[in-house]
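Participant: The residues making up each chain are set out below.
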Amino acid sequence: MPVVLPETLDELRTVTAGGDVVLLAGGTDLMVALNHRARVLPPDTTVVGLSAIPELATWSHEPSSGEITIGACVTWADLERPPFDQLCPALAQAARTVGSPQIRNAGTLAGNIATASPAGDGLPVLLALGATVDLAGPSGDRNVPLDDLLLGPKRTAIEPDEVITAIRVPEVQGWQGYAKIGVRNAMVISVAGVAVVLDAGARRARVALGSVGPTVFVAEEASQILSESFDWDGWQCEESIIATVADTAAAEARPIDDHRSTAAYRRHGVRVLTSRLISRGVERR
Amino acid sequence: MSDTLAPAHPVESRQQVPGGIGEPVLRPDGGAKVDGSYEFSSDRSIDGELWSMTLRSPHPRARIILVDTAPALAVPGVAAVVTAADVPGVNGFGLISGDQPVFATEEVRFVGEPVAAVAASDAETCARAIEAIVVIYEVLEPLVDPERAVDGSFEAIHPDGNVIRHQRIRRGDVDFVGEVTVEGTYEIGMQDQAFLGLEAAVAVPDSDGAGLELLVATQWLHEDRRQIAACLGLEEERVRLTLGGVGGAFGGREDISLQVHVSLLALVTGRPVRSAYSRAESFIGHVHRHPARIWMRHHADRDGTLRKVEARFVLDGGAYASTSSAVLINAVTHAQGPYRCENADVEGWAVRSNHLPCGAMRGFGVVQACFAHERQMDLLAEACGLDAVDIRLRNAMETGDRLITGQPIDNVAPVARCITETMALPMPEEDSDGHVLSAPGGAGLTSDDGVVRGVGMAVSIKNLMYSEGFDDFATVRCVVRDGRASLKFATAEVGQGFITIALQIARTELGIADVAFESIDTAVGSAGSTSASRQTWMSGGAVVEACRGVAAQILDMAAAEHDVDRALLAIEGEWIMSDGIPLITVADALDGREFEHTAEFHHAPTAELDEDGQGDCHTAFAFTAHRAVVDVDPELGLLRVVQIATAQDVGVALNPLSVIGQIEGGVAQGLGLAVMEEIIQTDGVIRNASFTDYLIPTIADMPPVLISLIEERDPIAPLGAKGVGEPPCISVTPAIVSAIDDALRRAGVHRSALTRVPVRPQDIALAGEGSTTTVGP
Amino acid sequence: MREIGTECTLTVNGVAHEVSGLHPGESLLDALRERCGLRGSKGACQEGECGSCTVLVDGVAVCSCLTMAASVEGCSITTVEGVGAGDLSDLQDAFLRAGAVQCGFCTPGLIVAATALLERQPDPSANEVCEGLAGNLCRCTGYGRIVKAVLDTAETRRSSTS
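Respectively, the protein sequence lines represent chains A, B and C. For the first sequence, our numbering begins at 1 and goes up steadily by one. For the second sequence, our numbering begins at 1 and goes up steadily by one. For the third sequence, our numbering begins at 1 and goes up steadily by one.
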């Protein structure tokens, strides 16, 4: 059977029970691997398409809890546009940098997580927001912090019979932003990416880094310094603090030299982007 | 045979049949291209065809110990597996020397070198068969430093040796020392043509196995035929090529890629065989622009008058010679740029290495030379206290001035006009329009305040057509029948629009509106290559001659039938005029008769260079200037090209719409080389054989391009029209780099000038590898 | 739960194509070209980086090389062959007049992507055209005439309705 399309979550759990399935959301990562024969589907493979399950294709916002629930098949194009861009600006900013309009029309946040590339554009923002992931499986559902799911380059802690059904992020009072360095204006793999979230309610800041380590990760030291030194009441941050946070984030980065860039430049990029993002946060730009 | 082919009457003053020269006529294949029905070579399939695939070396250099194809032959559905042993003719091909094997025999010399090929029932089976072939290699140390090929310290990696071509140019006083000198060492990375239409062909064998038909996207049908026939041991007349729809070329289809392989498989299997490259295979399956390292030292008077150029060029030709020899000559003979210079001491090498083979790419050696000489002119301007524009105007060539080879420029040479008209084009708005794409970093939102704008400019000279005594020609047959004209030519249409102007020329020359062209194939004489900005001149010239041959027959007949003096007759618009008075329409004069003429158009002969690089080796020259405005984020090294302005010496714009298309397209490729395009090889292994990591400009990277067409009719070019394909991609690259330097200067960033393309963000943002430019005395 | 085997029906440009023998994971691009006889959509990279394969699925522009053929049974697929509905569309005509076509390999993908762009944004700025077509590479034209063709089409549509 080339493709099965479950129409409810229960059907989905049934179909993934054996664990030996290939999940298809937007297809923008899977199909590249199949086209290049980097991955070959044996003839008896079941491909499970997720596009027929209505809950997965929508996002919702619960004002009382401030929680935003993003269905696994919500596309980058959906995240880029109003009204989502007002609700979660940094994720909308990240969405706008993904690939091309065609890629954004098909690609999903869930796919970004499941692929777990160290350059995944949505991941720094999700980590900086403290995102959690809903996983459905035949033996039960669970909700896991995204941070715990990303194990290494293209490796996650998602079990073979589990499916991402939703991503949960908080609605943040304060400021959030994302910036990414690429050599070209479109369709470009991130050379370095930084997300900064200034959570006024929790009086906590997070700085998350992409493309500068085996996974996307939260720069814990830099985040802690910023959390403790940011003037939450006055909504201010001294230049020297910004510089220290930026330097710390750069020091926490573990970039490599490769054909896209150098470790030195990536580290420099992290420092500059972190500094600029915090300044924007102070000015609420 | 005439080189001038001036119009019988000046084009502007004569009445024209609609759709003639000078109009923005729409391309005849455009309808099919926009509705998707146009057939590219990759769209053709034939019943009963087999698929094919090539096994390629994973090593940059290795000895082949063993090739075992038996396991592949055992895969069900495999029809044939071929290796070097199956090549019936010569196991060697190449545009200049036959130094490249069809399949490697004892040694592989680059990653991607073909070792075997398979024909099978479908692509999947081909892939499994390829995987089944066993090859045992003994890996050898690759030659990856071109300097070691120059100094002879690395063993020969090919029987022909490691130096493909060496040339010196010495003119005037080679010991002259100027009042002012500037020097620098410049690097140009490997650029890829990256045409969108992937390599594809279909070969159909003749039933007697002694001939075949090949449908292929290529640049030169007859040269492909020559090489295929030699490799397969066939008579050339039995190898019949038809041009399939070509999805761009830019030099990358001038060499053989899949042609011999697919033809051999067709002969061996006795069945039609189809071949199509993937993008990754395309990147390694065709030649690239030569990476180069160029040292230059310019000597000038204190007032900025250029007195002497010294240069040392090293071009890395990769594993096989291709057209490296000619690329080198182009590079060294253009070392002075479009400037008067009476003294020169230039030396250059094109060398072999275990890198990907290099050959023709739009610009053909002059891209590299121009980057160096324009960076030098910027340094010279600074050293002499002159404006970048003024120093170029001071030294600008004019008709009659000479290259450092001694060759005088006989063409129009409006260099000063190129410069002044470029600079006169409006500058962009000061303020950004606020859209995210207008800022460096684009949607990546990297920019804040601190973006600085810079302006730079550069000028180029580019030879047109081939050089060094090559007897280049093009053939066209014109037939007029039933009131309609038909042109037959082998000129490869690769998107540049030759088929459009061919019809325009015929309409103007014949006074007949209904003109079409026949299948483009080897059933007519060679048209030469679609390269070197030559087809307007050469194939266009052949169209003119062929049509004039027919026109002469029509006029001969009209003179006889109307009893008028033949010398008084001319075609103007749709009329035959006798002494300026309408006599009869061309259509009526034809009266159901048929006329035909085949013309073979040659340009005037060129000479070889002597050991001091002296000789009139080039055919003709064209000139262009570019101005670039670039916004730079100095801290991150990201940038946005805001505007390109250019004035190009085109002679006569036979089709202004086509000319603008060539200019905008060339500017995009030059911009790509300046800031984003490079094939990266590490220890001889390519790292970025994909569009994910070989970045060409998207629509979001391209700025508006302002264009001024300088139409000074050239006295030598047919119809006064110069070739326009290459000039647009040459000086735009140094103009952009100059603009980046200007922005950094304005930002107060103290560092040496940028000396390498493509410029990478770290080159701007991180002081580190300082440049090697020095200014003296 | 729907199950789509090696046979499926692809509805392309309003026509139902019965397709059989689908390979596991076969792309919509391959199915269109090799099984439906619709070769207008082109493959130039097979990884979603060039846009030559762009088609509309339920009106939304996607790369057909990244779309699994079996997964779009029941969807309405539009290719370049279906954009004009018989004659050339105004956009196709504008491409011709503006000189936006040279080799033509990128043209089908661009026509489809630009068709979708103008549906969504009938009055785009030049920057919006550029951002909307950033997924379509062209190596011949330098894009200037393409931007003009799209803006000309938008202008013509505006003035014909006003």
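Bear in mind the hints are in silico, worked out from the structure with no lab data behind them. Among the hints, a few may not be true.
What the hints assert, rightly or not - Output of the computed footprint for chain C on chain A, the stretches with three or more beta carbons under 8 Å from beta carbons of chain C:
1) 35 to 45
2) 101 to 108
3) 120 to 130
4) 149 to 157
5) 185 to 191
To be verified - A few chain A residues facing chain C, derived, Cβ under 7 Å:
6) Leu23
7) Thr28
8) Val32
For each residue, glycine too, the CB sits at the ideal point set by N, CA and C.
Participant: If a hint holds in the structure, say so; if it does not, say that too.
Facilitator: These are the hints, each one checked on the structure:
Check result for the region 35 to 45 of chain A against chain C: holds, 6 residues qualifying (beta carbon to beta carbon below 8 Å, three or more required). For the region 101 to 108 of chain A, the stated coverage by chain C is satisfied: 5 residues place a CB nearer than 8 Å to a CB of that chain, which reaches the threshold of 3. Only when three residues or more bring their CB closer than 8 Å to a CB of chain C does the claim for the region 120 to 130 of chain A stand; here the count is 0, and the claim is violated. Residues of the region 149 to 157 of chain A lying with their CB closer than 8 Å to a CB of chain C number 0, which falls below the three-residue condition for coverage.
For the region 185 to 191 of chain A, the proposed coverage by chain C is satisfied: 3 residues have a C-beta within less than 8 Å of a C-beta in that chain, meeting the threshold of three. Below 7 Å, beta-carbon pairs count as interface contacts, and Leu23/A has none with chain C, the closest being about 12 Å; its hint is therefore violated. Interface restraint check: Thr28/A against chain C, minimum CB-CB distance 5 Å, threshold 7 Å, status holds. Because the smallest distance between the Cβ of Val32/A and any Cβ of chain C comes to about 5 Å, under 7 Å, the interface hint for this residue holds.
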